[in-house]
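Numbering (UniProt numbering), first residue to last: 1 to 318.
Rather than coming from a laboratory, the hints here were simulated on the basis of the structure. Positions of the beta carbon are idealized from the N, C-alpha and C atoms, including for glycine.
For each label pair, taking beta carbons as the anchor points, the in silico distance ranges come out as: (1) Gly132 to Gly31: 23 to 31 Å; (2) Glu159 to Glu54: 29 to 37 Å; (3) Glu54 to Asp190: 52 to 60 Å; (4) Pro154 to Lys116: 28 to 36 Å; (5) Val193 to Arg82: 46 to 54 Å; (6) Arg42 to Gln72: 16 to 24 Å; (7) Thr97 to Gly132: 15 to 23 Å; (8) Glu54 to Pro112: 38 to 46 Å; (9) Val193 to Phe47: 54 to 62 Å; (10) Arg64 to Ala185: 54 to 62 Å; (11) Arg42 to Asp207: 42 to 50 Å; (12) Asp207 to Gln72: 28 to 36 Å; (13) Thr231 to Ile76: 35 to 43 Å; (14) Leu224 to Gly39: 45 to 53 Å.
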Amino acid sequence: MNLAGLSLRDLEYITAVAEHLHFGRAAQACGVSQPTLSGQLRKLEEFLGVEIFERSPRGVLVTRRGEEVVAQAKRIISEARRLFEVVRIGAEPLTGTLRLGVISTLGPYLVPFLLKPLRARYPELKLLLTEGHTRVLVRQLEEGELDALLATSPIGDSELVELPLFREELALAVPRDHPLAQVEAVNPDDIPVPELILLAEGHCLRDQALELCPSRLREGSAELQAASLETLRQMIAAGSGVSFMPQLAIQVGALLDDMVAYRRIAGGQHMRDVALFHRPSFGRIRDIRLLRQSIGEILAEQSAVKVHKPGGRARESA
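Whenever a hint applies, use it, and build me the whole structure from the sequences.
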């Protein structure tokens, strides 16, 4: 087959339609007219000899064979982007655009600590932040849609490189009038499991909560769920129950402090590890490692969390 009949622009059309499942929105995302995009995709399907999309008045679907084409198109586009990354290796560190994913239970609480100091250190760096659930962000990183990811460790079966950043404590958040609000530290056996509120499916903090009380808490046993940490905090303030809250979220969320009490859990084992992840083949590894170093220094200066030493998983108190 002659490769002259295939272009990266065609592959961008494929991935855009697969993402939006709508030719009009895909054309808008690609900056072309819908007839141009639709016509080019028809030619491409004829050239490849495969129907990538199933078209009907009710919408657009990706065919079974089309799913393989879409996956390969994403990989090719990712490798094409690497060409530009390789060219940039000799440029100034942390300049240009860096697409950084941040899990939703971390982004609103960590990013405020970082933006101003990072801008002061690297004025030519443009951070494009994407917030979401771990699974979705990991897939985007693996497929080249993101350059790096801030998430809790571990992230499951993945070939991504992990650079440990810091460890933050998980505290038990209870209403101010709750009996546990009067104690200095909560014994793990005293955690009121029947009152526990979990985050919705997809949040890594939900999985951690299930692991913290494995003998007494099972999937589906919690009657109340929250879509976000802030909703969770408000439910606790309203007296709906108790839950686990990361250290950074406690520091940033001061508005409900008169209604929510945070109590350490005895034993010191209720923690979550946060790391910066990237693809092994990413061309700007030097930038990623420099970003990791900068984040560690910024958090240590502000005594926000316990920061990992650059050499490994050993920790030093910030």
